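Colleague: Listed here are the chains, written in short residue letters.
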Amino acid sequence: MSRLSRLLHSPVLVAVALVGALAGGVALAVADAGAAPAQDGSDGPLLELGSELYATQCSNCHGVSGGGVEGRGPTLRTEGTAATDFVLRTGRMPLASPEMQAQAGPVRYSEEEILALVAFVDTLGDGPAIPDVDPARGDVARGGELYRLNCAACHVASGAGAPIGGGRQAPNLLDSTPTEVGEAILIGPGAMPVFGALDADDIDSIAAYIETLDEENAAGTSSFGGAGPVAEGLAAWLLALVPLIALTRWIGRPKAGRDRPVVEELDPLDEAVADRRTEPSADVAPVRSEGSS
Amino acid sequence: MTDHDTTVETGETGDDGGRARRGVVERSVEAVTTRTGTSTWLTTTLRKVFPTHFSFLWGELALYSFVILLLTGTYLTFFFEGSQEELIYAGDYEPLRGQEVSAAFDSVMRISFETKGGLLIRQMHHWAALVFVGAVAIHMARVYFTGAFRRPRDLNWVIGVALLVLALAAGFTGYSLPDDLLSGTGLRITHAIILSIPFVGERLTYLIFGGDWPGTDIVGRLYPVHILLIPGLIIVLLTVHLALVWHQKHTQFRGPGRTQSNVVGERVWPAFALKSIGLFFLVAAVITAMGALFDINAVWLYGPYDVAEATSYAQPDWYIGFLEGSLRLFPPWETRIGGFMINNIVYSGIVVPTLIFGGLFAVPWIERRLTGDHADHHLADRPRDAPNRTGIGAASITAVTVLFLGGSQDVIAGTLNVSVGRVNTALQILFLVGPPVAFWLTRRSCLALLDRPGPERTERRAPIERLADGGYRVPLEVEDWMDAGGAAPGHFDRIAEEHSVRGTKQAHTHSENARRET
Amino acid sequence: MTDRPVNTRAHRAAVASFVVAIVGGIVAAWGYWSDETEVWLGVGLAASSGGIGLGLVAWAKYLDLDEHVAQRRAPLRTTPAEREEFHTELARSRATVGRRPLLAALLGGSLASLAVGFVGPIGSLGPRPRGERDATAWAAGRRLVTADGEPIAVDSEGFDQLATVFPEGGIGRDDSQVVLLRVIPGLLTERTVARGTVEGWVAYSKICTHAGCSVGLFGVDSRPPETIRQLVCPCHQSVFDPVDSARPVGGPATRSLPQLAIGSDDEGFLVALDDFDRPVGPVAWDEA
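Chains as they are written, first to last, in this note's numbering: chain R, 69 to 361; chain A, 238 to 755; chain B, 7 to 294.
If you're looking for bench data, these hints aren't it; they were derived computationally from the structure. Values in this document were obtained by computation on a predicted structure and should not be read as measured data. For glycine and all other residues, C-beta sits at the position ideal for the given N, C-alpha and C. Take the hints with a grain of salt, since some may be wrong.
Taking CB as the label site, the calculated pair distances span [stated by the list, open to error]: (1) A:Thr-311 with B:Trp-39: 17 to 25 Å; (2) R:Arg-205 with A:Phe-594: 52 to 60 Å; (3) B:Ala-121 with A:Gly-596: 54 to 62 Å; (4) R:Gln-169 with A:Ile-472: 50 to 58 Å; (5) B:Pro-133 with R:Trp-318: 51 to 59 Å; (6) B:Pro-135 with A:Glu-322: 18 to 26 Å; (7) A:Val-670 with B:Ala-118: 47 to 55 Å.
Produce the complete structure using the sequences and hints provided.
Modeller: Structure, rendered in structure tokens:
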């Protein structure tokens, strides 16, 4: 064996190579994850859970290190805790296919899992944090003004939600929690834009206003899912006009159909008038009777 | 006093007469008739016969909804303030407290939340408006499809279409009064349409709105229009409309004993009157129930109309939906001539409605032109008896329905979870394709129905006998037959010529019978 | 009237209806004082009216009043002789009053003149347009502020941002409402940038050029393969392209939203560089 081949076969060399590869891998992983923030001990198990969950549930579309996958999922490096919390708590993620609109649905994760994922995604990058929203701090009336100025165009004055073009829908807000409202305003999920001009006070107020939409209808009578005049028009036809037409059918229908014999022949009381008029277009001399009615 | 001398010979009350048994009402009425010489007139009126087909009651649905509108509307005028003066809302509805609103909006909020029973009356009023226009529409359809708009009732048809226009105007001005986001948006659109009128548009908007948009006058101006001008015009035209029906007498369907020169049905008093009054109470009941159970135009959700605010699902009341659909579905066409422009909304907001209502007004004359028939008609057709007319009617209704659907295109898209653009395209295609298809289908159905052999519902043919050789015999003289509502000689030949061979055999047999009888 | 046996079922139905009506009225009276006035008052009134209606109709239809009679219809014709009479009467007027054409013409002229006199008061309904529509409150140097008066910082975070802004000093002026967007700078087309944008911030008039509603809907549809950004008007679904001068790309609108040229001032806030270059919103026929 030559000196080179003896060196190459040396166990020390192998060990060094392995350690070097391991170190390199770790270094790459750490570098890939970006600047790892200082972590205190309590985050440890949470982050571990988060990392596990992420690897199995999210990395397929969002990339192993959160960089995003072309055609499947966007990068998470600019998403902070607010975004992660929002999509997980409203059941929007996991999303079955990138073509679908992420819609609110059943929540897939437990509270602990959500916290874990939120903590983990936070380490991948930087973005808006979960806002502290307290409707009690807000001004309901001002919230209503802001709502109508910014939100009603897509979410409808009643909070019912409406299509916004391209087959996308702004969702119904009546079941949204104040925190979700705040998160959505900050991150602009899906087709929704970011409302950067709204500060924390504004968000409190808007959340307070949306809570009032949530309550049982203020008037005590029932609305039609907040769909507005279209639903009202349909209701007028189906609930009022159709029954009325049915009632006229009951009222007006001659009991035995059109074949009933005529029981009486009535003449108009004014016999003279009736007689004079029986000949259509005949040349009848006018009867000028004095003082006739 | 002459009333003691008047005797009633024909004991109308059916009892043994005798002045002592006459009630207060009877004596009061007598007091009036003897002072005005109208006793005979009143008796004639009470004996007047009205036909009883149920579709003839639809006009009454409209009339009674209008009465309820007047009653509830009057009540509301005691509370509503027609002014755009700004004030701070300090009422019971918390989410708007502290908000700057107009006096009009504030008064509507007070009616809805602070006046006990106010919301009920307000919701009844608004539901009644929706029902009123719907009833007018089905009444108009009935008159059209039975040919009851022909001479001598073409005059009444014109008045009726005018009433429809006034009803739409009343509804529009009415829902614009609360000055909420939804109706304010509607007014904005109206402003834009008027602005686009060539030559006079801008000046007109300044006159109507008292300046540039939004101004502070418009609600205050719509108020007297809504509570005085339009109801006044409606009442006047309605009176003429009813007087004409009264004087010309109602049309009736053909049938045994029914001719062009009689009316078969029931007398005004007591049968017809009681049914009518009963119908009034039923209409009142339905509208009251709607007002009691269902929200309508929840202005507190829309908030006061304010600059830069907008909401989706922004539709007007249903009956303006055809205009909304026209605005939404009309392609983005605009005409530029030199430095001037015929705006897109001139086409969709002015030309289209003008064509629709122009067409409606012109119906009797179009019919005369197409059929050459200038005679008086007192017998109503069944829709199938006039296949072309019914077909055109079906086509028109299809076109207008597509417009109504177009007005709700975002709600449809949202409900079906498809893109608005796709709904738009589908409706635009439907607008072009639907009416011709509807015309053809309806006409074919009418002809097929006319074709059916057998004596079932053959009012237009008097009792028919089936002969041993398979043909039919109508055992009446031709003149009697015409009078009884049957067809003129050659009528069946005409039908046979009009459509395919399928009906020819029977038609020929009928016409042969007719000739045989002459 | 033929003698008919009393229809018991109908009679019972009519009795029941009227009883319901009586109960309904009482429910209504009580309901007025209850907490849910609208519902109980309304249901009570509805039951009351409905009961009366049903009772009356049942009475009329089934009990004693059902009849089927005929009555002669007088033809609505005028005989030629009657028409002659009418024409004769008119001819009489022509022979007297009609002999004064000068007076008649002067009468017509006076009535027309009287009508002209009313033009003034009708004109008082509204002032003459004085070119107010040619300018908004925007001018060079005016800051963009929210409805609360807060200016917008150029480096405000978040892309695909949306805000509604007014000129400082002109908050709430209808013609000056502006929809302000921030998109990733590279997405804006050249002509949009040329008109006046700042680091992805672009401003358009919020008034739809179709029929005047506020264009508040900004949708960012990021489905693969590409993200589609749309400014949609909720009234008639006109669609404008926010990255290309808000030109109309769908729906009935035919003119783009006027773009407001913006820049930044020394303190890093957004300001307008000029007023709009054409009238905002829906326009009159000569404002094209």
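Colleague: Work down the list of hints and note, for each, if the structure agrees.
Modeller: Consistency of the hints with the structure:
A beta carbon spacing of about 24 Å between A:Thr-311 and B:Trp-39 agrees with the range 17 to 25 Å that was offered as a hint. Restraint check, R:Arg-205 to A:Phe-594: a C-beta distance of roughly 55 Å satisfies the suggested window 52 to 60 Å. Taken as a hint, the range 54 to 62 Å is violated for the pair B:Ala-121 and A:Gly-596, whose Cβ atoms sit roughly 32 Å apart. A C-beta distance of roughly 53 Å is found between R:Gln-169 and A:Ile-472, which places it inside the suggested range of 50 to 58 Å.
Separated by about 58 Å at the C-beta atoms, B:Pro-133 and R:Trp-318 satisfy the suggested range of 51 to 59 Å. Take B:Pro-135 and A:Glu-322: their Cβ atoms lie about 25 Å apart, and the range 18 to 26 Å holds. Hint check: A:Val-670 to B:Ala-118, Cβ distance near 51 Å, so the stated range 47 to 55 Å holds.
Comparing the model with each numbered hint stated earlier shows that hint 3 is the single one that does not hold.
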